[in-house]
Structures are given as structure tokens and as C-alpha cells.
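Number of protein chains: 2
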Amino acid sequence: MKKLSAAEMVERVVTGDRRIAARTITLVENEMDEHHEIMKLIYPHSGQARIIGVTGVGGAGKSTLTNHIVRKLRGQDKKVGVIVVDPSSPFSGGALLGDRIRMQSHTLDPGVFIRSMASRGYLGGLSKGTYDVIRIMEAMGMDVVIVETLGAGQDEIDLIHIAGTCLLVHTPNMGDDIQAMKAGIMEIADINVLNKADQEGADTSFRQLRNSISAAGFEAGAWVPKVIATVSMAAKLEDLKGIDELMDTIAEHDAHLHAGNHIDRVRFARVEQELGVVFKEKMERKIYNELKSTGKKKEYINSIIEGATNPYSVSDEVLNF
Amino acid sequence: MKKLSAAEMVERVVTGDRRIAARTITLVENEMDEHHEIMKLIYPHSGQARIIGVTGVGGAGKSTLTNHIVRKLRGQDKKVGVIVVDPSSPFSGGALLGDRIRMQSHTLDPGVFIRSMASRGYLGGLSKGTYDVIRIMEAMGMDVVIVETLGAGQDEIDLIHIAGTCLLVHTPNMGDDIQAMKAGIMEIADINVLNKADQEGADTSFRQLRNSISAAGFEAGAWVPKVIATVSMAAKLEDLKGIDELMDTIAEHDAHLHAGNHIDRVRFARVEQELGVVFKEKMERKIYNELKSTGKKKEYINSIIEGATNPYSVSDEVLNF
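Line by line, the protein sequences give chains U and S. The opening position of the first sequence corresponds to residue 1 in our numbering, with each subsequent residue numbered one higher. The opening position of the second sequence corresponds to residue 322 in our numbering, with each subsequent residue numbered one higher.
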């Protein structure tokens, strides 16, 4: 396998070369030396896709919903990138949830590009790699990039910052605890999907969702989050429910974004988030280089425990800016 | 009110002056100019208290449990600091949950010092102030500091890093979704408390908790997380359940920490966490000073949106290390 330069790789990514795109993503995800150079070259080719976030607790049916959204978008001849952020727990070592993406039907479609990403760990937020991979998929020419995350923490918040349209997937009877935890999130997701709406209790859950949103209050002209009931899993396509309504609502939200120039705010928020993440990574690397690699960190910590110094004095000393 | 120097304030804190301690905490929490100077002086007087973390979803009864733990520790003549991390949602503006600490019975006790802290926002983790306030309470002479957080994200993880003993409070019938989300956490909390154990379904929940822990597997000599059933709310003290058993288990865990020199690991982890937080704050301030205050951040973001630059080049330019 010939070693390509960063420029050569990006050139091939831009032509839609899937094999090279996959290799580029791996380099970026593993933060290899070429990483920054590649991303600097990717950026001018990126930024135009619609980003749809799909989040919600495990078992809500995010993957099957994503699958249907991909199918519908393909029917509109859109190229679709899908990033599944994989919530592996650093504690139990394994996957937090058993459900895995069921995307088999799309894996042979050249208009769909799917990638799983590691999350930063339990509730730790989206990894920097996720932002980079969205950019790479945009450079490949994807019209829409769907990012699917487990809705259980910082991931969800990060996703809201970068997605144009954010879906929060619920199921009936999730319990008051979850509802309470979601109180803030429900109001900022653009579309609340009540999936598994054929289950008992769905009507009550649907009403609860709608009531909690209408109780929140929104400014005039602002998008009021919608609630859509869906059935994303069925033996026959005609037994699915709400998928068309969901697609219409996604389109309606996209039109809303463009009508009011809200899209500028969305783009700004996305870059602001990306910039913050890149800054933090650079700083964390600086700390790492100054401390961990030299074994100095352990010395400092022990001195602090002994009372000889403190974190404030250490940070003055190490980060002398 | 005479303006005290940082040294004078810390001197008074160390004598246990509650009024000055409260003022010191406010200065530190608001990151006033004296903040770092105060903390540098506080550190040598701190580090010796037992830190007990109490976490769990809203409505689980964390506050009433904390209240009983305080009562029991006071019975042992321990001085107790309590920090309640207040989960205000940045989105809805209000409190995420209705339950507030019910600590009235202790507020007049000079051996108890209670402080509410803002959280960093929805799922954003413990604020740096929390770490500082623990140190200040230690400097005041508190034997035990209890930190109570809403168990719904990074807060919980941060708490596990700093607490010697961490309690995770459950209630019966929390639902499979929550259980799945908690899968990793349950194994690392030192004590799982099934509160409201008089409710229907408690026996099943208790068995489920025990089974999921025994399924996890632990190394020989490691602490195997305990499960304790409690009733923390009752009209009469004699109708409470499990509080004595909980206190015994907390003591047992503390003995375990000291027997195996695990306490060194706990102290190291705490300082490591604090050091990381102080570093990050210093770096964030650097970014803020370089970018936000001068309006340059907006310029950079717009240039990135226009494709003229990218976050990697901007960070090279701004953080030239």
C-alpha cells in the first residue's frame, strides 16, 4: 500500500474515494502525525452538509429510526454519512448496551458511508474525532451527516451544539426519573420522537411529552419542538408508522433554519464548538507533554499530598503564561 | 466590614470561624482576585477529612439520607461539612428537580457546616469551586465532608474520583433504561443504597442490584460494592430502616481503605483530579483572555465558516507553544 501524502489523501477523499476516506478517518481518529495537516486541508471542502443528530436512551430504537431516515434520504437521492458514537464503558470494559447498528441494508449502497466512533467514555462527551469525521464526510460530498449518540450525558449536549436538526428519541413508559433528567433536553431537541408508539401507554407518554414542551414557553418566531409518534420496527414496511411525518418535520425544521437565517447561528455554534475542542486538545497535549511523559506529574501530586505545594502553585510553575 | 487579607481570612478559617469561612467560600466560588492566594494558603491545612459522596437520580432521597448520615456522625462527635451541588439547568433556567436539601435540623449545630454550590450546568461535572470548598471545610476542621450531587452525568464520575466512599442511591422500579445507564457506575460506587425500600417492588430491585454487582466480577482483595436497603423518610425515627447498617458499612469501607493502604490511592486520585481541574481552568482562562475578551473569537469563527482558515491553524496561531 503506497504511502500517500496528506494532500494526496484529501484529494482522493474529495473525489469520494471510500477506501482512502476510511483510511483518512482512521489516521485522524488515532491522532497520527498527519492528522492536523489532513484536517487543515479538509476544512475548505467541508461545512455544507445538513447535520442531523439522533439521540436518546439505549433501546429506544435510534438505530432503526436512523436506518429509515437514511432510506428516505436515499429515495431523495441525497448522499448520507452516518456516524454511530459507540458508548463503551471504561468501567465495565464492554459495551454499555447490547444494541448495535442495523445498517446492513445500506452498507453496499455507494451513496451511504457509515462509521462507528468510540465515545470519550461514559458520559464524557463526543470525542474530537467525531467532529473531524463529520468534516471528512462532508468533503466526500455527503449531503446529510447523521450522528447517532447514546443520550446519556455530555454527548447529547455536544450533539445539540453541532447538529442543525436534533432528534431526541423517547419510548413509552420511560419513567418519571428519566423524564425529570430530560427536562432541559426535551426543550432544546428540535424534534421529540416517541418511538415504539404501538406499545401500551404510548398515548399517555405522547400527551406528557407534548404538555411538558408546551409548558416550557418559547419566544415568538422560535421553533417549538415537535413531538412525532413512530413505529420504526415492523415485519412489513407498511406497518411502520410516522416515518413520513418525521421526514416532513425534519424538512420543515430545515426550512425554518434557512428562512430565518437561523442557519448562520447553527453554523457559528458548530465552529465555536469545534474550535473549543481543538483548543482543549492542544492544551491537554501541552499538559501531557510537560507532566505525564516526564513522570513529573506523580512528583507534583505527592508534594501536594505532603502539603509542600498545591495545585495553584504547580499550575503557575508549569503553565507560565 | 473590615477587609481582611487572604492570610488573615485563612487564619480565621483555620480557627473554625464560620462567618469568615462563608465569606471565603463566596470569594473562591466567584473566583475573585484573592482566590488563588487563599487556596494556596488553605492547602497545607487540608486533605485529612473523609469525603463521602452521595449520588443518585432526583427523587431518590439523597438529601434525607445525607441528613441521617450527618445525624449519626454528630452522634459520634464528628464535625461534618455538607456540600450540595445544585443541578440548575442552563436551558430551563430553573432547578432541574424540585427536591431541595432538608437540613433545617442541623443548621444551628456548630459542628455542621452546609453549603450549596452551583453545578457547572446540565451534566457538566463538578465545578472547580466544589473542590476548593471541600478543602476550605477541611481547613475549618471538618472530620467528614459529604458531597451530594445529582447522579446524572459527569458530576457522578468526578465525585467518584475524589470521594473516599461513594454512595449511589437507587429506588425500587427505576426501570430498565436507568439500570442500563447505570451499569458502569454501580460497579464503582462503594455502596449501593436501595432507598424507599418500603415501596412495592423493593425486593425485586434489591435482588437485581445484588445480581448485577455479583455478575461484574472483582479482583481478590478488592472491595465488592455492597447493597443496603433503607427507608430514610418516616414519621418516627424508629420507623427508619437500614440507617445503622448503612453507617456500619460506611465505617467498614473506611476501614478497608486504611487496611490495604488503599487510602493512598484515594488521596492520589483526589489530588490528580484537582490538579487537572486547576490546569484546565488556567488554560480556559488563557483562551478566554486571548480570544473572547478581544472579540477575536468571533472573527476566527467567521473566517473558519468562510473557509479562509480552520480550527487547527487558529489554535497554532493563538496557542503558540
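Heads up, some of the hints might be wrong.
[Said to hold, decoys possible] What the simulated footprint calls covered on chain U by chain S, stretch by stretch (three residues with Cβ under 8 Å from a Cβ of chain S suffice, anywhere in the stretch; the number is not a length):
hint, region
1, 8 to 15
2, 300 to 309
[To be verified] In silico DSBU-like pairs for lysine-lysine, Cα to Cα no more than 35 Å straight-line:
hint, chain 1, residue 1, chain 2, residue 2
3, U, LYS282, S, LYS361
4, U, LYS297, S, LYS361
5, U, LYS280, S, LYS361
6, U, LYS79, S, LYS361
7, S, LYS562, U, LYS292
8, U, LYS286, S, LYS619
9, S, LYS361, U, LYS292
10, S, LYS619, U, LYS292
11, U, LYS297, U, LYS286
12, U, LYS298, S, LYS399
13, S, LYS562, U, LYS297
14, S, LYS619, U, LYS280
15, S, LYS601, U, LYS286
16, U, LYS282, S, LYS619
17, S, LYS557, U, LYS296
18, S, LYS323, U, LYS296
19, S, LYS601, U, LYS282
20, S, LYS601, U, LYS280
21, S, LYS399, U, LYS286
22, S, LYS613, U, LYS280
23, U, LYS298, U, LYS282
24, U, LYS282, S, LYS618
25, S, LYS562, U, LYS296
26, U, LYS296, S, LYS361
27, S, LYS619, U, LYS40
28, U, LYS292, S, LYS603
Honestly, the hints are just simulated from the structure, not real lab data. Cβ atoms here follow ideal geometry from the backbone N, Cα and C, with glycine treated the same way.
Now for the hints, and whether the structure bears them out:
Look at the region 8 to 15 of chain U against chain S: 0 of its residues bring a Cβ nearer than 8 Å to a Cβ of that chain, fewer than three, so the hint is violated. For the region 300 to 309 of chain U, the stated coverage by chain S holds: 7 residues have a C-beta nearer than 8 Å to a C-beta of that chain, and at least 3 were required. Restraint check: the Cα-Cα separation between LYS282 (chain U) and LYS361 (chain S) comes to about 27 Å, which is no more than 35 Å; the hinted pair holds. For the hint pairing LYS297 (chain U) with LYS361 (chain S), the CA-to-CA distance comes to about 18 Å; that is within 35 Å, so the pair holds.
Distance hint between LYS280 (chain U) and LYS361 (chain S) is fulfilled; the C-alpha atoms sit about 25 Å from each other, no more than 35 Å. Using a Cα cut-off of 35 Å, the hinted pair LYS79 (chain U) and LYS361 (chain S) is violated, with the two alpha carbons roughly 56 Å apart. For the given pair, LYS562 (chain S) sits about 47 Å from LYS292 (chain U) by alpha-carbon distance, which is inconsistent with the 35 Å threshold. Distance restraint check for LYS286 (chain U) and LYS619 (chain S): the Cα-Cα separation of roughly 25 Å lies within the 35 Å cut-off, and the hinted pair is therefore satisfied.
For the given pair, LYS361 (chain S) sits about 23 Å from LYS292 (chain U) by alpha-carbon distance, which is consistent with the 35 Å threshold. Taking the CA atoms of LYS619 (chain S) and LYS292 (chain U), the gap is about 34 Å. The hint holds against a cut of 35 Å. Proximity of LYS297 (chain U) to LYS286 (chain U) is assessed by CA-CA distance (about 13 Å); at most 35 Å being required, the pair is judged to hold. The hinted pair formed by LYS298 (chain U) and LYS399 (chain S) meets the criterion: a straight-line CA distance of about 32 Å does not exceed 35 Å.
Under the criterion of a C-alpha separation no larger than 35 Å, the hint pairing LYS562 (chain S) with LYS297 (chain U) is inconsistent with the structure, at around 45 Å. Proximity of LYS619 (chain S) to LYS280 (chain U) is assessed by CA-CA distance (about 18 Å); at most 35 Å being required, the pair is judged to hold. Under the criterion of a C-alpha separation no larger than 35 Å, the hint pairing LYS601 (chain S) with LYS286 (chain U) is consistent with the structure, at around 11 Å. In summary, the hint linking LYS282 (chain U) to LYS619 (chain S) is supported, as the alpha carbons are separated by about 20 Å, within the 35 Å threshold.
Between LYS557 (chain S) and LYS296 (chain U) the CA atoms are separated by roughly 55 Å; this puts the pair beyond 35 Å, and the hint is violated. Between LYS323 (chain S) and LYS296 (chain U) the CA atoms are separated by roughly 42 Å; this puts the pair beyond 35 Å, and the hint is violated. Simply put, LYS601 (chain S) and LYS282 (chain U) have alpha-carbon atoms about 11 Å apart, close enough for the 35 Å limit, and the pair holds. Under the criterion of a C-alpha separation no larger than 35 Å, the hint pairing LYS601 (chain S) with LYS280 (chain U) is consistent with the structure, at around 8 Å.
For the given pair, LYS399 (chain S) sits about 43 Å from LYS286 (chain U) by alpha-carbon distance, which is inconsistent with the 35 Å threshold. For the hint linking LYS613 (chain S) to LYS280 (chain U), the alpha-carbon distance of about 15 Å falls within 35 Å, and the restraint holds. Between LYS298 (chain U) and LYS282 (chain U), the direct Cα distance comes to roughly 21 Å. Compliance with the 35 Å bound is thereby established for this hinted pair. At roughly 17 Å between alpha-carbon atoms, LYS282 (chain U) and LYS618 (chain S) fall within 35 Å of each other, so this suggested pair holds.
Pair hint LYS562 (chain S) plus LYS296 (chain U) does not hold up; C-alpha atoms about 49 Å apart against a cutoff of 35 Å. Between LYS296 (chain U) and LYS361 (chain S), the direct Cα distance comes to roughly 20 Å. Compliance with the 35 Å bound is thereby established for this hinted pair. For the hint pairing LYS619 (chain S) with LYS40 (chain U), the CA-to-CA distance comes to about 19 Å; that is within 35 Å, so the pair holds. For the hint linking LYS292 (chain U) to LYS603 (chain S), the alpha-carbon distance of about 18 Å falls within 35 Å, and the restraint holds.
Of the numbered hints stated above, those contradicted by the structure are hints 1, 6, 7, 13, 17, 18, 21 and 25, listed in ascending order.
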